[in-house]
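Student: Residue strings, one per chain:
Protein chains: 2
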Amino acid sequence: MYHSQLLSSICIPCAVLLQPKKSWSSSNSKAGTTIGDCTKVPRNVNLEKLRSGYLFPEISRRESEYMQKNPDASLIRLGIGDTTQPIPDIITLAMAEQVRGLSTIQGYRGYGAEQGNMALRKAIAGKIYQDMGIKADEIFVSDGAQCDISRLQMLLGANVTVALQDPSFPAYIDSSVIVGQAGEFDDETGKYGNLIYMNCGPENNFFPDLSTTPRTDVIFFCSPNNPTGHAATRQQLKQLVAFAKANGSIIVYDSAYAAYITDESPRSIFEIPGAKEVAIEISSFSKFAGFTGVRLGWTVVPEELVYSNGFPVIKDFNRIVCTCFNGASNIAQAGGLACLSTDGYQALRNVIDYYMENAKILVDAFSSLGLSVYGGKNAPYIWVHFPGLCSWNVFSEILEKTNIVTVPGRGFGPGGEEYIRVSAFGQRQRILEASRRLKKISID
Amino acid sequence: MYHSQLLSSICIPCAVLLQPKKSWSSSNSKAGTTIGDCTKVPRNVNLEKLRSGYLFPEISRRESEYMQKNPDASLIRLGIGDTTQPIPDIITLAMAEQVRGLSTIQGYRGYGAEQGNMALRKAIAGKIYQDMGIKADEIFVSDGAQCDISRLQMLLGANVTVALQDPSFPAYIDSSVIVGQAGEFDDETGKYGNLIYMNCGPENNFFPDLSTTPRTDVIFFCSPNNPTGHAATRQQLKQLVAFAKANGSIIVYDSAYAAYITDESPRSIFEIPGAKEVAIEISSFSKFAGFTGVRLGWTVVPEELVYSNGFPVIKDFNRIVCTCFNGASNIAQAGGLACLSTDGYQALRNVIDYYMENAKILVDAFSSLGLSVYGGKNAPYIWVHFPGLCSWNVFSEILEKTNIVTVPGRGFGPGGEEYIRVSAFGQRQRILEASRRLKKISID
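Quick mapping for you: the protein sequence lines, in order, are chains A and B. In terms of the UniProt record's numbering, the first sequence opens at residue 1 and continues consecutively. In terms of the UniProt record's numbering, the second sequence opens at residue 1 and continues consecutively.
Don't take each hint at face value.
Identical chains blur together in the list; that is why a pair holds if it fits in one copy or across any two.
[Claimed, not checked] Distance condition first, Cα-Cα at most 20 Å in a straight line; then the derived DMTMM-like pairs of lysine to aspartate or glutamate: (1) Lys40 - Glu303; (2) Lys49 - Glu188; (3) Lys315 - Glu357; (4) Lys315 - Glu58; (5) Lys49 - Glu433; (6) Lys40 - Glu433; (7) Lys401 - Glu357; (8) Lys135 - Glu97; (9) Lys127 - Asp82.
What the hints contain is simulated information worked out from the structure, not anything from laboratory work.
So here's chain A without its partners, still in its complex pose (with noise of 0.2 Å):
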């Protein structure tokens, strides 16, 4: 087994996203001579909450210590889910004449729509939500899924209740916390007060136990998953409509990774009828066509879903969009349409297959190791299982033998413990490198 081999040591109880609450008071701040005064202002009860660094912002910073001590070690980065392969020139074409069309009387353009383009929101309609009912109007273009968590958070303001999957991308719970749903995080459980955690493991494939989960106003889903690369099966996704409908609860659907889908599962949970009376879907380019820098997304809102006041969402996600945001770049927009195109699409149907033809090698890497290992079909992730040790071990151990660097499951909830995700994205031959040093460890 892989582990008996790699991580001897002995794991100790994992307490790094853990780190006790620090109490500040104005002596201690002034210890560093830089810092002023003391204004008057509280501090924000939420904010006092949070516990340690934002996930993938502490991954970089363990990874640049790393580096420091390390510094002739050839990193091969398989942790942040960043993108990695070049956009297709016919997308970048089409954004750089936008650009250059801005140095022009007539190609001009300032404030577009805060929704987004209407061309675009069309393309999207049309492309993505193909046969769904999706109306353009109920599509509002973003910078991008994560920002628009915290706009839906602020949407849905501190009195709701939330449940969402454990493991799950860090961005809701955290922003749960932010605006004040979630109460004070628990060291024995790893988990904060009043947030459901639905856990989904291969025990359950992947799948929450709704008989025994609790009602809230909120669920969020995220499917393909991140960190666990489970799609959810229709007849999933037809429970979770059926629970959200029974129990008169929002589903905030995140789909960030649906172009990564290789079987029959449902890309959109507006593939489920019934949905729009229930759900929001959240999206994004970033993963979909290498945008995670150029930055663009969108969130749907069908009009079909209301409060329990008969009040519809759309109207005050239309506010919120207005008065906190202020449009995606016109540039990024420009692109966004391009990828929607015949051509576009293609395009970005080969870098999907080459970066999903790397996750069959990592798989294959991690599976030779007699290690149970999951997603990586549906999804560019893998969520590899270390039974009985601590994942932030499991990280370090990984980056200082075979200098990989993963994610921690436990960065992912307490869910997450026991498991590493590994990205697929990355260049075919650093992935080529990157199983040949997986492998070696086993034999050595």
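Using the hints provided, position chain B relative to the given structure of chain A.
Tutor: Chain B alone, transformed into the frame defined by chain A:
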């Protein structure tokens, strides 16, 4: 007098932005038949408090409505402050190069730092905050000032007290309401409870009487001001900083129009000694570089600024940026860097000078009607007084008689009643045409 000829109609009480709260129930929402079953999710009480639509979409709506009734009208849009002049080539060439690089292995970039590219942060520190001792680490690159206002509100949370200029840019008040800092709206006064409205008009040289202003945790202050066009003098800003220090308040200073200052008024709050201990500054490339559609801005949070418990504000803002934002578009950031190059900066000065020449033309036109005209000297906005009149009526009448779109001052708060804001953004020939149309009214 202008208004005796143009606005002979009796000014009815202005109820436009004071629509009564609608009472929603599942029965009336279902009347439209497309609305589904109600969820059991309560509508956010803060959004329930918000009145009417956000100002600028409301202006657009009225503009569209007018055009439908008058399809042949040749509208001149001096309403929403939207840039109209092409971006200098040197800047769009830099962006196009960045974009096309994304199609190459060498030039491809994924996620950047959430806080912005260090080269841009350094350039902002060096070029905009020269000699003010602001470090690159204290600068957070954003997708625009309006978006950062909301992120700052998430930072501050519901439990702070807030003061703001009246009139002021509506995003401050609306975002205050959304995060729960405000009380109920009072139809009599046109003000939300719990917010302190600091009246700024010609009677006090557009600077509040601080001797009668109650202490608040946060003071939103915009200079050059939108909508009045007034740039606070050094003396005024010294008073403001002293007031904040005495009260332990945090100033959120909006310098989005600083590039338009033509006299000795400070371009940044950080020109005032001691400001780093009491101020955050938000700013933008939108008006400085015609980036309204490109989306780029920044926020400065000095390390010296600390909460009452000594905790540095910058640490919490960094956490908000990392959790709720994923960085500005790397294309826009490449453009921002070009804006701050020697040649880029000079090219932009020419565009700003062009708009300020427009401002002069408009100031002259309104002045020639015997009206009191403010602004237009340090800002691209002209603030015109119509004593005793309702600003939405003035807006409508100017639209009907001259086909010029302005903004009713009332949209910026009760202190804006009797005023309209006129934007100097526009092509010269249209500004001259607007001037002709305006001057014609007075002699009709």
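Student: If a hint holds in the structure, say so; if it doesn't, say that too.
Tutor: These are the hints, each one checked on the structure:
1. Taking the shortest Cα distances, Lys40 and Glu303 sit within 20 Å of each other only across copies (16 Å), while inside one copy they are farther apart (44 Å).
2. In this assembly of identical chains, Lys49 and Glu188 lie within 20 Å of each other by CA distance solely inside one copy; the values are 15 Å within and 39 Å between copies.
3. For the homomeric pair Lys315 and Glu357, neither the shortest alpha-carbon distance inside one copy (42 Å) nor that between copies (40 Å) is at most 20 Å.
4. Proximity of Lys315 and Glu58 under a CA criterion of 20 Å is satisfied inter-copy only: 14 Å between copies versus 37 Å inside one chain copy.
5. In this homomeric assembly, Lys49 and Glu433 never come within 20 Å of each other (Cα to Cα): the closest approach is 41 Å inside a single copy and 58 Å across copies.
6. Taking the closest pair of Cα atoms, Lys40 and Glu433 never come within 20 Å of each other, the shortest separation being 55 Å inside a single copy and 52 Å across copies.
7. Proximity of Lys401 to Glu357 under the C-alpha cut-off of 20 Å is found in neither arrangement, the shortest distances being 25 Å within a copy and 66 Å between copies.
8. In this assembly of identical chains, the alpha carbons of Lys135 and Glu97 never lie at most 20 Å apart, being 28 Å within a copy and 35 Å across copies at closest.
9. When the C-alpha separation of Lys127 and Asp82 is checked against a cutoff of 20 Å, the pair qualifies neither within a copy, at 25 Å, nor between copies, at 32 Å.
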